[in-house]
Structures are given as C-alpha cells and as structure tokens.
Amino acid sequence: MTSHTQIGLSTASVYPESTAHGFAYAASVGYDAVEVMVGMDALSQQTAALRQLSEHHQMPVCSVHAPCLLWTQRVWGTEPWGKLERSAAMAQALGADVVVVHPPFRWQREYAAGFEDGIAALEASTGIAFAVENMYPWRASSRRRAPKGMEMYLPHWDPSLGSYANTTIDLSHAAIARSDVIEMADRMGDRLRHVHLTDGSGSAKDEHLVPGRGAMGAGAFLEHLAGSAFRGHVVLEINTRRCDTREDRLADLVESLSFAREHLSIKAR
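For the sequence shown, the working numbering gives the first residue as 1, with consecutive numbering after it.
What the hints contain is simulated information worked out from the structure, not anything from laboratory work. Check the hints yourself; a few may be wrong.
[As the list claims (entries may be wrong)] Taking lysine to any residue and the SDA-like style, the derived pairs with C-alpha atoms no more than 25 Å apart in a straight line are:
| # | residue 1 | residue 2 |
| --- | --- | --- |
| 1 | Lys205 | Ile182 |
| 2 | Lys205 | Thr245 |
| 3 | Lys205 | Cys243 |
| 4 | Lys205 | Ser18 |
| 5 | Lys205 | Gly219 |
| 6 | Lys205 | Glu151 |
| 7 | Lys205 | Phe105 |
| 8 | Lys205 | Ala220 |
| 9 | Lys205 | Ala251 |
| 10 | Lys205 | Met40 |
These numbers come from a predicted model, not from an experiment.
Sequences are here, hints too, so could you generate the full structure?
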C-alpha cells in the first residue's frame, strides 16, 4: 500500500445537517474526498448542484451511495435497477469510480434473483465499480438473546460469500453481525474495493460510532489494510446526531480522520 490512502467523509456523517455542510466539513477538516449519500436531502439527488459543491470546496467525490436504505426506498422511484443506473450516471458525472450498494431486501425477490448477474452487467456497461456492502441479520436488541436473527437480505448479507467483483466492508454492520472484519477482508481479497470506517459495540443497533470507541478493533483492521494489497477508498461514515453543538460534531470528524491516518500509516512508513 502507498503511504497515502484516500480518506473520504460520507455526507451521512453530518446528519441532520445537509449535504452541503458535509462538503464544507470535509474541506475544513482536511479529508481527501467525499462520499455522497443519496437520500432525502434534495441536494443529494442533484448532480449539477453536487458538482458545484465539489468545485467550490475543491473536494472531489470518490463514491456515491445508492438510495437503497429502508428510509430511501422511494428516492428516485421504487424500481431498484433504475436507481442503480442513476447512481452510476451521477458517479460518472462527478468523477467518482465507486457506487456503494446494499444487498436486496428479502421482499425484493425478483431484484434479488438476478442481483449478482445484474451488478456484473452494470459494471461492464458503466465502468463503475458497484461495491456491495456487508449488512447483518436483524435481531432483537436484548443482549441476552442469541446473536442469530432474521435473514432480511438476499442473496446474503455477507458479500464475501458471493461472486461480486467489488465489495464494501462497514465496521458498524459487522459489529451487529459479530463478524471478524479482518477475516472478512481476507475472504474478499482484492475484491475489497471500499471501506466504511466506523465502529460498533456488538449490540443490535447500527451505531456507527467514531472509530476506536467500539469493540471492532478498527485500528488493527486499518493496519491490516495498510499491510495488504488494498487500493480502495476508506470513507468515514459515523453517526454524529447526538452531538449537542457543531463544535462537538467537528471534534468527532477531526478525531475520526486522525484515527484513520494514524493507523493506515503504521505499516506504510
């Protein structure tokens, strides 16, 4: 790995502030790039406006997160392949090389049945890497319950078990699934194209903690990447909704970037 891996900031990390604030924070803190979370914020859906933000802040867009969350199911319509095509078009227009996508929900059976082949076809036709993200079984929040839960994603919540050419590891999702992220990365090998750097305690909640504040060994994971052939993006995707002030949010974003740089540089020195 080179001594400098591009470290991006997901615009989701500044919610409930806007996509525009995401670009501003990324530039002021010193991130290398931005990942656009296409969501309910109308600005996140407008390619021309995003290009203006990127140019204004001199902040490149490294990736686009397709609107495939539960709360973005109706963004850009309800037809899933159309949403992915629009995500690819946005990525191309913004100079990004990755679209992050979740596996289909169980109730999207037709979409799920052709998902792996469809993703490969989209990559071939667009030249964009569709990095399929690890999810998790849904389980009750009680720690006394067994870690197994309802399988809510098809073909599977763990993309390392599929045939995808490009994948994403999210440490908060891995915490819910109680997955070993280093083992997952090893299974993916050079198919690991993208990382959502965050943390989790192992509860049933998707916590998206500042890296280092959870139980996932985020530092050791980054050091493992630094000593491997990983050539993708590392994007901070943290939850700052509980921050009381903008200063608190800024402090979390600064701490996250410092953490990433410190641990990615250890074996690259």
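Against the structure, the hints:
Under the criterion of a C-alpha separation no larger than 25 Å, the hint pairing Lys205 with Ile182 is consistent with the structure, at around 21 Å. Between the alpha carbons of Lys205 and Thr245 the distance comes to roughly 23 Å, so the proposed pair stays at or under 25 Å and holds. The hinted pair formed by Lys205 and Cys243 meets the criterion: a straight-line CA distance of about 18 Å does not exceed 25 Å. This hinted pair checks out: Lys205 and Ser18 have alpha carbons roughly 23 Å apart, not beyond 25 Å.
With a C-alpha separation of about 21 Å, the suggested pairing of Lys205 with Gly219 holds against the 25 Å cut-off. With a CA separation close to 16 Å, the supplied pair Lys205 and Glu151 stays within the 25 Å bound. A distance of roughly 18 Å separates the Cα atoms of Lys205 and Phe105; the hinted pair therefore holds under the 25 Å criterion. Distance restraint check for Lys205 and Ala220: the Cα-Cα separation of roughly 23 Å lies within the 25 Å cut-off, and the hinted pair is therefore satisfied.
For a cut-off of 25 Å, the pair hint linking Lys205 to Ala251 stands: about 23 Å separates their Cα positions. Among the hinted pairs, Lys205 with Met40 is consistent with the structure: their alpha-carbon atoms are about 21 Å apart, no more than 25 Å.
Taken one by one, the earlier hints all hold for this structure without exception.
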